[in-house]
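Q: Go ahead and model the full structure; you've got the sequences and the hints to work with.
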Amino acid sequence: MDQLPAVARVFAYLSLLTIGGGMAAFPEMKNLVVDVHHWLTFPQLIHIYSVGQLAPGPNMMMVAALGERISGLPGAFVAAAAFFIPTGILTFVVGLIWDKLAKWPWRTSIQLGLAPVAVGLAVAGTISLGKGAIQDWITAALALIVFFATLKTKINPALLILGGAVVGAVALRV
Amino acid sequence: MSDAVAADKTPAKPAGPVSLMKIFSVFLTIGATSFGGGVVAYLRNSLVRENAWLDDTEFLELMSISNTLPGLNATNMSILAGNRLRGWAGAVAAMLGMCLPGFAFMTAAGILYGARGDNPLVTAALKGVAAAAVGLIAATWYQLGRKSIRDYFDAFVILIAVLGIVEFKLSVPIVLLGVGAIGIFHHRPGGTKSHPIAEGKWISSLQ
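The listed protein sequences derive, respectively, from chains A and B. This note's numbering applies: residue 1 is where the first sequence begins, and numbers increase by one. This note's numbering applies: residue 1001 is where the second sequence begins, and numbers increase by one.
None of these hints come from the bench; they were simulated from the model. Where is the CB? At the ideal position from N, CA and C, for every residue including glycine. One or more of the hints may lead you astray.
[To be verified] Quick look at which bits of chain B chain A covers, simulated, 3 or more residues with Cβ under 8 angstroms:
1. 1044-1055
2. 1126-1140
[Unchecked claim] Derived DEER-like restraints, expressed as beta-carbon distance ranges:
3. 1057/B with 9/A: 38 to 44 angstroms
4. 1159/B with 41/A: 29 to 35 angstroms
5. 1174/B with 89/A: 33 to 39 angstroms
6. 1050/B with 105/A: 23 to 29 angstroms
7. 1050/B with 89/A: 24 to 30 angstroms
8. 73/A with 1173/B: 28 to 34 angstroms
9. 1173/B with 102/A: 26 to 32 angstroms
10. 1056/B with 174/A: 49 to 55 angstroms
11. 1112/B with 89/A: 29 to 35 angstroms
A: Below, the structure is given as C-alpha cells:
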C-alpha cells in the first residue's frame, strides 16, 4: 500500500515517454521498476511485458499487471490511471486546439523531427527487451521465426505469441 | 489491408448526435476484440467503415495528432474521436470502453502470475512468449522504420537515438529531448527542405 504514491509517480512519468508507442519507454521502465525500486526482477518484467502483447486494446495495459504485482488491486488501478489519464488529458487539450496550431509552422517541424526519434527509441527498447529474452539458440530461433512470420504472412500475431508459449513449455523447461 | 478499407464505399454519416452508450459500446467492442495488436486497423474499420463517424481524411488527421503526442495510439485515438462525437463526455466514454477489457485481462494476468509464475512449466512457457514477443515487436518496428526513413538525416537520428540508449546508457528523456531537438531544428520552418509527412504510411504500418 505504501508503494502507491511511488507507483503513481513512476507510471505517470513513463507515460510521457511513450512517443510513437509503448516500446520507447521500456528502457526507462526497466531502470525504474527493476533497478531503482526493486519491485520486480528483470525476468519478471520481461514475462509481464510479453504477456501484455496478448491482451486486447492498448498494448501497454501490462502496466496494470505490474501495478497488481507491486500493490495488489489498488496498484493495478493506480498504475493504469497514472499511465493513461495524464497523457489522455494532454491529447484531449491538444485535440481541441489542433486546428489553431495548423497555422503554426513549427507543428510540421515537430511532427517530422520526432518521427525518426520515435523509431530510434523503439528500436532501443526492443534491443533492451531482446537482451533479457534471448538467452540461447532456441529463444533466438523462436524470435527469428516470429519476426519473419510477421513480415511474410498475415497470421494474427496473438497466435504467434501463443505458439511461443507452447514451444517454450515443451523445449525450455529447466 | 488499408487499400481494401479505402476502396470500400463508406456509409452515410449518422444524422443526429451519437449516444454516449453507443460510443462506449463501440469502443468496448474494439477494446475487447483487438487481439494481436493492430488497434489502429480495428479503429479505422469500426469508426470509418461500419459506423461512418469519421471519414478517411478526418481519421488521418486524428492519427497525425496521436502520433506526435505521448500516449498510445489506441487511447489517443479514442479520446480524439470521442471528443469529435460528443465532446469531453464522448472522449471519456470512448477511453473507458477501449481500456476496460485490457485492464481486466492484464489485472487477472498479474494475479495468475503471482500465483503460478514460479511453476517451472509456466516459466518455460513465458520464456517462449518473451522470445516470440521480441520477434513480433522487432517486425513491427522494422516495417515502420523502413517507411519512416525519408533521407540520411532520419537514418542518422535513429542511429544516434539507439546508440545513446543502448551503448551510452543515456536515459530516455535525455535522448528524446536532445535528439528530438536536433530533429525538430533540422526540419525547422523555412529550413533547408521540408517533406510532406507520409501520414498514410504511418497508418498502414503502425500497430
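Q: Which numbered hints does this structure break?
A: Violated hints: 1, 5, 6; rest satisfied.
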